[in-house]
Amino acid sequence: MKNLLDEAISRPHIGTLEYQPKDFKPDVDVRWCAGCGGFSILSPVQRMMPDLGIPKEKIAFISGIGCSGRFPYYMDVYGFHGIHGRAIAIASGLKISRPDLSVWVATGDGDNMSIGGNHFIHGCRRNVDLNVIMFNNEVYSLTKGQYSPTSHKGQITKSSPLGALDEPFNPAALALGSGATFVARGFDKDRAHLQHLFKRAAEHKGFAFVEVYVNCNIFNDGAFDSFAKKDVREDKTVMLEHGKPLIFGKEKDKGVKLDGFKPTVVSLTDGSHSVADLLVHDEKDSTLAFILGNMTYNPEVPRPLGIFQSLERPSYDDSVQFQIDHEIETKGAGSISELLKGKESWEVK
Amino acid sequence: MKNLLDEAISRPHIGTLEYQPKDFKPDVDVRWCAGCGGFSILSPVQRMMPDLGIPKEKIAFISGIGCSGRFPYYMDVYGFHGIHGRAIAIASGLKISRPDLSVWVATGDGDNMSIGGNHFIHGCRRNVDLNVIMFNNEVYSLTKGQYSPTSHKGQITKSSPLGALDEPFNPAALALGSGATFVARGFDKDRAHLQHLFKRAAEHKGFAFVEVYVNCNIFNDGAFDSFAKKDVREDKTVMLEHGKPLIFGKEKDKGVKLDGFKPTVVSLTDGSHSVADLLVHDEKDSTLAFILGNMTYNPEVPRPLGIFQSLERPSYDDSVQFQIDHEIETKGAGSISELLKGKESWEVK
Amino acid sequence: MEKEIVYLDEITVRFAGDSGDGMQLAGKQFSNASASSGVDVNTFPDFPSEIRAPEGTLYGVSAFQIKLGSNSVNTHGDMIDVLVAMNASSLKVNIGNLKAGGMIIASTKGFDARNLKLAKYDSNPLEDGSLSKFNLIPLDIESIVKEELKGSGIHPKIVRKSKNFFALGLTYWLFNRPMEPTVKWLNTKFKSKADVLEANIRVLTAGWNYALKNDAFKNQYNFQPASFEKGTYRNISGNHAVALGLVVASKKANIPLFLGTYPITPATDILQYISGYKKYGIRHLQAEDEIAGITSAIGASYGGSLAATTTSGPGLSLKIEALGLAVITELPLVIINVQRGGPSTGLPTKPEQSDLYQAMYGRHGEAPLPVIAAASAADCFDMTIEASRLALKYMTPVILLTDGYIAQGTEPWKIPTMDELPDLAPKFCDDPKNFAPYKRDPKTLARMWAVPGMQGMEHRIGGLEKQDITGVVNQDPDNHQKMVELRQEKIDRITNDIPKLEVMGNPEAELLVIGWGSSYGAIKSAVDEKLKEGTKVAFVHLKHMNPFPSNLGEIVEKYDTILVPEMNMGQLKNILQARFIKPMIGLNKVQGQPFKTSDIKFKIDEILSQKEVVQ
Amino acid sequence: MEKEIVYLDEITVRFAGDSGDGMQLAGKQFSNASASSGVDVNTFPDFPSEIRAPEGTLYGVSAFQIKLGSNSVNTHGDMIDVLVAMNASSLKVNIGNLKAGGMIIASTKGFDARNLKLAKYDSNPLEDGSLSKFNLIPLDIESIVKEELKGSGIHPKIVRKSKNFFALGLTYWLFNRPMEPTVKWLNTKFKSKADVLEANIRVLTAGWNYALKNDAFKNQYNFQPASFEKGTYRNISGNHAVALGLVVASKKANIPLFLGTYPITPATDILQYISGYKKYGIRHLQAEDEIAGITSAIGASYGGSLAATTTSGPGLSLKIEALGLAVITELPLVIINVQRGGPSTGLPTKPEQSDLYQAMYGRHGEAPLPVIAAASAADCFDMTIEASRLALKYMTPVILLTDGYIAQGTEPWKIPTMDELPDLAPKFCDDPKNFAPYKRDPKTLARMWAVPGMQGMEHRIGGLEKQDITGVVNQDPDNHQKMVELRQEKIDRITNDIPKLEVMGNPEAELLVIGWGSSYGAIKSAVDEKLKEGTKVAFVHLKHMNPFPSNLGEIVEKYDTILVPEMNMGQLKNILQARFIKPMIGLNKVQGQPFKTSDIKFKIDEILSQKEVVQ
Ligand SMILES: Cc1ncc(C[n+]2csc(CCOP(=O)(O)OP(=O)(O)O)c2C)c(N)n1
Ligand SMILES: Cc1ncc(C[n+]2csc(CCOP(=O)(O)OP(=O)(O)O)c2C)c(N)n1
Ligand code: SF4
Ligand code: SF4
Ligand SMILES: [Mg+2]
Ligand SMILES: [Mg+2]
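Chains as they are written, first to last, in the working numbering: chain A, 1 to 349; chain B, 1 to 349; chain C, 1 to 615; chain D, 1 to 615.
With the rest of the complex left out, here is chain A:
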């Protein structure tokens, strides 16, 4: 005997699941500034969605407040534009109560790492099956340009006219330290790679965290130029691929090798090192993930992009379901009238 909700949500999907990206575009203006890095997330998300083969009505996007917070309005699926910092908490309640849904979170560096930091770290450790995309523009944009927890030390913003004093978070390291199972990073200049990362996140059963460097051309233009600009990109970044050595450079002429725990750049052309000396990526090694995560702000090595870690662990929502099923299996579905009566009731006649 299904309850009303089960009944309402279990009606068979009518029509095709062979979606086109445009099927995910609602009929509204995108209210981001022209040139905003946010577009570079929106488009790969819309392109990737058809690949999932999930009915549109089974997908929900939850957001907090910030420029990223508007994301749900731009996806023609279910959407909830929450309050500042709480997207993961809202999404957790949704997913735990509705394991049938594909639940996504769109959040910002301020939304997720400043006011929402607690929900983020608990999301990581709890491993609720959410896909979290963090728009990291290293600034608070919607409030017009204050420094954020990922702004670099010394950054001049409207609220740090003399330079920010805080050490920034390293989002990948924070996620790993919090126990996240899936941690990845991409940037707005490489939409194809982002599409791949989002797909992998969707496939991951558990909490998937994808940090995306997005340029805010209004309040922090060029924040990522030092490694993301076309001409330097290949020399200043390295792509992480499971089972592959860390090779990079325009000419694929450099690699990353470990000196003890210390990653260092070596040349593959000066005869000193060969590919065999290089660090080989392993998504399942959480120590390696941490070493790679720690390369983030290290100017001597390229910035890693890709999947730092992808571990399997039961998701929280699955565990809840399992516990319920197990209880019912071993003890029988509870009888409400017995619950109400308890063990010490009496009759008045």
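Quick caveat, the hints were computed from the structure, so don't treat them as lab data. Do not rely on the hints blindly, as some may be mistaken.
What the hints assert, rightly or not - Taking beta-carbon pairs under 8 Å as the criterion, some of the chain B residues facing chain C (in silico):
id, residue
1, His84
2, Lys144
3, Pro161
4, Val265
5, Ser267
As the list claims (entries may be wrong) - In silico lysine-lysine, DSS-like type, Cα no more than 30 Å apart, as pairs:
id, chain 1, residue 1, chain 2, residue 2
6, D, Lys433, B, Lys56
7, D, Lys161, D, Lys191
8, C, Lys558, D, Lys558
9, D, Lys439, C, Lys482
10, C, Lys482, D, Lys596
11, D, Lys3, C, Lys482
12, D, Lys117, D, Lys3
13, C, Lys184, A, Lys343
14, D, Lys611, D, Lys596
15, C, Lys252, A, Lys349
16, B, Lys144, A, Lys343
17, C, Lys191, A, Lys331
18, C, Lys427, A, Lys25
19, A, Lys343, C, Lys161
20, B, Lys349, D, Lys252
21, C, Lys482, D, Lys611
22, D, Lys536, D, Lys596
23, B, Lys349, D, Lys184
24, C, Lys536, C, Lys558
25, D, Lys252, B, Lys341
26, D, Lys439, C, Lys120
27, D, Lys439, B, Lys2
28, D, Lys596, A, Lys144
29, B, Lys230, B, Lys252
30, D, Lys439, C, Lys92
31, B, Lys230, C, Lys161
32, B, Lys262, A, Lys205
33, B, Lys341, D, Lys439
Using N, Cα and C, we set each Cβ at its ideal position, and we do this for glycine too.
Use these hints to put chains B, C and D with the ligands onto chain A, whose structure you have.
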């Protein structure tokens, strides 16, 4: 020209600074249960205090809510019993505005890692010069026994009668991932070691985090017995000492060695390994700290106790002071009347 | 000696001792046994905020008070008839409430030098004659118990811990209550601990026999059975009733339940009950904080569950921002706030009614929502159902206020059958063509509800102001005015969907007492007693605080003088004055203690005598 | 053509265009130049919540309105006299507020096919005769500017961006305002960008000259200088005034300032100003969230700083729990809440007055604290000083309410000298022997203040209820009642320490208008105009909301009919009704827009005409 506050707090200390531990005991009953692990923190703190040579009036203890929250009442220095989860935020405001003080935080696993998680991770990255002692009893005690974010999976508590489903935080890993400069761990059974850790924390200029396993004999009795009980202790824990190899065991007959990044236990007596093979602790190596931190819940290796990491980085409060001094030095102390006038004032005659 | 059986209308018993003395257990057993044997019972556990305060101290005293009677028992009793005092401190802190002539059963071992000193007694009150106006029965319970169990081989620690069962046995004899329920309970509880089981049962029986045989106990007391309606009953606390109410509401709504919450005294019990209900298919999240508690519930509500969050004062303060989100997204949500003494951490284990303002007014922006309050432990069940009904029918968050007194205190509850309870089934929209997220039911003004998973109704909602009907983000001035007014109007209309108030007492009275929440019992008793004395007084009790019942205006107008007793500084009074533009008199007890019947009676007398003087 | 100079009393100008058109800048320059040349000025920036809404859209219009006049200008003007419209959308959304006969200066390039379509115009209003009742001046500003800078080698992008300076030059000529302040400002601003500097100055001058020479501009308007008191003036916004107020308050208190805060619209400016004040020795923390913002401030207050936190609605909701902590620890703390449209995220860039309830009542437990409100941009300075005074003198958190209207709008401010301002120095206890943390000043009931670093006064405070005088944790019922009453009494006594209200207008009037907060300007103007028309109306404006000034009761009693206009659903009205048990009339505009003078006048007329009918 000193302001009123400077004037009030810069009066010379009268009398000796050669304190005795009892000088830090106020005339009140300690309202913890008999046998509570909290006593094992209170006593080494009181013993260590005289070593600091700081006038009592320059010391402040800030706490949140929980059994640990009562700590300030038991120290005859300045004390503030705050609200749940906010001790680090309160203490940060105090320390930033009053760099002359020695500011301590007493908090619990719930207070600091559950509701207070956000302030904790931001405290770590910001590196405000606080000394944070976390009473980790792996349970919420003051509210009479619910599971906490450090409770182990499957733990039966009043709010998890069927077993907790959450993966616990690994506090050391979380602190490291958040960018903490000083991360240490001790346990209630070894007060001398705690005293040493607290002293080191006090000496550390920056955010010092000391996790202490404390037994709650009412709601989670024996939580740490598997490695902390007298008979197994030496075989199940390993002490981290800077520059020293990781040797442990009742007979000092075992050691920890790295297999790649994987710590493994080796015997020093079966001829297979010698001390030279062992991992040597280095407080300055943050990758090593993470590897050691990750040993926490690994049943195949002993549980590490001691100082995981101690790095030097300017403290936030120092940076604030530096920025103020630098501004005044380069631009001159601001004139209020000019500030009020601004650049576009006019006269009405 | 032949014992006389004396029939009583009602009596108040208080078990008091050290936190480790098992007084809560004894009290609970006594009340269960009493209730199940046909008398009416009302209880109040009263314990310190320390987990285990140092033994023997004044602040470490833990007590459990029970009033029993053959007529309807509304409070746990003002003054104590029989005090069980296990040590000197427990005598000291409770003696002030003992009736002249009342009985003290004192365990002499708890009056040794150390205990006397801790209790700050200069001489032993059991011996110095200072208790002469009471019926003092000092017993060396510890020795009696030891004697009883001698040779049993039971561990001395267990022997010592069974003292409370001796006291319990005594009182069972004294009030002629059956021991069977307790014996049954012991059998289940200590199934696997034969020694504890044996000790407790033997000691319990020893208590009974001691009273039976000892001359100090002259009378045995008894009650006419209370006149309960036919049905199945159990003793229930308010927190337990809320937990059951949530489960039942979700069954009656025929949608799943989700509880998102964070532990806090005195609300934690609700989470603890719910966490054991997995076999009823119930999901919950013990969240990282109160904010995640309520926002996860909002997420679940968005997903189509009956969503709830539970808390107490400091936690409610943290949920405020999210409450506004639930208001503007117009999602059903039940917020249960178990009030305790404030401000700030305040008196965490003590009851108060000081969160009414916050429930009514405590949000930024214009964010109206229904507020209701439970009158007693058992009423918490009905009010939880009512909160769920309003939330689902009107698509709105609803705050239910209870407090530490009724949350932890118990009374007999007639267990309802599912058919007696209202149908709460929500209407999910099933017509994509006609769907718009802010289209409203013309009668209730509730917006349409479609949840993820329903094809063709994909839509976006959020915290920004939205256009009427379409729900699209909108900043138009007139639209904002309209939406603010619609949200207000929706709540106002609930007035017509809640029962009118019935005036109790004398409708011709000059004085009307208006009560709310847990003070119901004390006010009702006071008014009943005054009526018996011939005083003309009337009484209404509010359960719906926002909106008020439709006839409250009429009623307020009718009475010359209005008294509003509250465990706060006059919050309801102020709200009523603003609404009905009529001055009222407050009786404001802010002591972390529930009202006594006598507090109310005294105030009624005072008002009426002043009125006479004036006339 | 000879131009005629026409003298005006007052006029309202609105610069409107796309978010990228630099209208905020033009408006600001215009108001500064006007004010510094001796007229009174009141401004209101009105921009969308999108950062850069798509060009040409209706919701992307950004506007800046200035009213200038020779008499005291209290509002930014109801209706527009001169509208500068840089594109079709900006005409569309503003035309409704343009007076009949008003002037439209339209930039024709903004009315091309694309712009017309985005503005949803079917035909070009500049050409289709639909604007015939206005004085329409279409100009091809873009071509004129291009022409002007031809051959200068300046980048076309810079040329295009300088359009707003052309419009500014035009209006400078039109209202005979000096260009020098703007030229000076440009020189500082673009010191290192010679091309931008040159372009802007040339275009500005071109605007002036164009108007001078073109026949479309028949008249030049001028004003008698406003009658300002002697002194130094500047234009100031409410947020800027708060920032300066905090700095000055700390100097007058002679203790350091600490601001703990988190950015939120429209309060962020305050943080931004303060963050640049390091050379004044000021410390602040841009915290991780609002809770850390306020709790870090509490920590700093505990340490002896003047501590403040700034926020807006959603942030205030998050600070609620900590506010209770400040109340019970009785620490000085200034909370500045810049109100915006609610509930929830609501209308983040629009003003509203709907957080009054929350400020007054929005805490769990009995947690009274002073609430004050600023009446205008410049008044924000005085009220910040007042908030600091009350906080330090009474050892209490104080909430200062402003709103998005006065926070961002500007008016001329007479800069005070330090001597004119009250001494705010707190008294730190300097007598360890006599010290107890909850010993009180017999007059103010403020508790003693000793801070870490002071020898011999080491003590502990916190959120649990505490014993009178000693501050030791205490759960005694009578003590709790006493402490609750003391905390209330302390706040109540402030009544005697704040100015009595002065009734403006006709003291014999039948109708009293009671205002609060930013609606001061509109109400004052409306009442003044009605008085001029001979209507008997009186007006008081509240700046102290809790406690009220001591003579408010008297005043309320005196008047038959009371009107309370508010940008909410009647919050002050309700509070007044509860307090003075008198029905009042609300005028409730909840549209994210400040009151117009005409809104108030209309309501006054309505009330008075109904009264006549009744009589
Ligand atoms: C409770 C609350 N506090 C503060 C704000 C103001 N606020 C809105 S967005 C934002 C920061 C956004 O930064 P980020 O998450 O990095 O988003 P971005 O705009 O950069 O994408 C802030 C502080 C708010 N809306 N609510
Ligand atoms: C805002 C708020 N939420 C919840 C509580 C209830 N509460 C008090 S202490 C506590 C947990 C304490 O756990 P922990 O920090 O581990 O301290 P312990 O008692 O175990 O030392 C909780 C949930 C509270 N006082 N305030
Ligand atoms: S302000 Fe920055 S982040 Fe926001 S929409 Fe514009 S470019 Fe994007
Ligand atoms: S309950 Fe546990 S943690 Fe709290 S005081 Fe007792 S033993 Fe210590
Ligand atoms: Mg950002
Ligand atoms: Mg704990």
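How the hints compare with the structure:
Of the supplied interface hints, the one on B/His84 holds, with its beta-carbon coming within about 7 Å of a beta-carbon of chain C, less than 8 Å. A hinted interface residue such as B/Lys144 counts as satisfied when its beta carbon comes closer than 8 Å to some beta carbon of chain C; here the least separation is about 7 Å, so the hint holds. At about 5 Å, the closest approach between the beta carbon of B/Pro161 and any beta carbon in chain C falls short of 8 Å, and the interface hint on this residue holds. About 35 Å separates the beta-carbon of B/Val265 from the nearest beta-carbon of chain C, more than 8 Å, and the hint is not met.
Hint status for B/Ser267 relative to chain C: violated, with the closest Cβ pair at about 42 Å, above 8 Å. Proximity of D/Lys433 to B/Lys56 is assessed by CA-CA distance (about 17 Å); at most 30 Å being required, the pair is judged to hold. Pair hint D/Lys161 plus D/Lys191 holds up; C-alpha atoms about 18 Å apart against a cutoff of 30 Å. Taking the CA atoms of C/Lys558 and D/Lys558, the gap is about 27 Å. The hint holds against a cut of 30 Å.
For the hint pairing D/Lys439 with C/Lys482, the CA-to-CA distance comes to about 52 Å; that exceeds 30 Å, so the pair is violated. About 19 Å separates the Cα atoms of C/Lys482 and D/Lys596, which keeps this hinted pair within 30 Å; it holds. At most 30 Å may separate the alpha-carbon atoms for a hinted pair to count; D/Lys3 and C/Lys482 exceed this at roughly 48 Å. Between D/Lys117 and D/Lys3 the CA atoms are separated by roughly 38 Å; this puts the pair beyond 30 Å, and the hint is violated.
A hinted pair counts as satisfied when its Cα atoms are at most 30 Å apart, and C/Lys184 with A/Lys343 qualifies at roughly 10 Å. A hinted pair counts as satisfied when its Cα atoms are at most 30 Å apart, and D/Lys611 with D/Lys596 qualifies at roughly 23 Å. Of the pairs offered as hints, the one joining C/Lys252 and A/Lys349 holds, with about 27 Å between alpha carbons and a cut-off of 30 Å not exceeded. Distance hint between B/Lys144 and A/Lys343 is fulfilled; the C-alpha atoms sit about 24 Å from each other, no more than 30 Å.
At roughly 20 Å between alpha-carbon atoms, C/Lys191 and A/Lys331 fall within 30 Å of each other, so this suggested pair holds. Taking the CA atoms of C/Lys427 and A/Lys25, the gap is about 29 Å. The hint holds against a cut of 30 Å. At most 30 Å may separate the alpha-carbon atoms for a hinted pair to count; A/Lys343 and C/Lys161 meet this at roughly 25 Å. This hinted pair checks out: B/Lys349 and D/Lys252 have alpha carbons roughly 27 Å apart, not beyond 30 Å.
Restraint check for C/Lys482 and D/Lys611: satisfied, since their Cα atoms lie roughly 28 Å apart, inside the 30 Å limit. For the proposed pair D/Lys536 and D/Lys596, the alpha carbon gap of about 20 Å is at most 30 Å, so the pair holds. Only pairs whose Cα atoms come within 30 Å are accepted, and B/Lys349 paired with D/Lys184 is accepted, the gap being roughly 22 Å. Between the alpha carbons of C/Lys536 and C/Lys558 the distance comes to roughly 14 Å, so the proposed pair stays at or under 30 Å and holds.
For the hint linking D/Lys252 to B/Lys341, the alpha-carbon distance of about 17 Å falls within 30 Å, and the restraint holds. Only pairs whose Cα atoms come within 30 Å are accepted, and D/Lys439 paired with C/Lys120 is accepted, the gap being roughly 26 Å. About 27 Å separates the Cα atoms of D/Lys439 and B/Lys2, which keeps this hinted pair within 30 Å; it holds. Straight-line distance between C-alpha atoms of D/Lys596 and A/Lys144 comes to about 29 Å, which keeps the hinted pair within the 30 Å bound.
The hinted pair formed by B/Lys230 and B/Lys252 meets the criterion: a straight-line CA distance of about 16 Å does not exceed 30 Å. Distance restraint check for D/Lys439 and C/Lys92: the Cα-Cα separation of roughly 29 Å lies within the 30 Å cut-off, and the hinted pair is therefore satisfied. Between B/Lys230 and C/Lys161 the alpha-carbon distance is near 29 Å, which keeps this suggested pair within the 30 Å criterion. Between B/Lys262 and A/Lys205, the direct Cα distance comes to roughly 26 Å. Compliance with the 30 Å bound is thereby established for this hinted pair.
Between B/Lys341 and D/Lys439 the CA atoms are separated by roughly 42 Å; this puts the pair beyond 30 Å, and the hint is violated.
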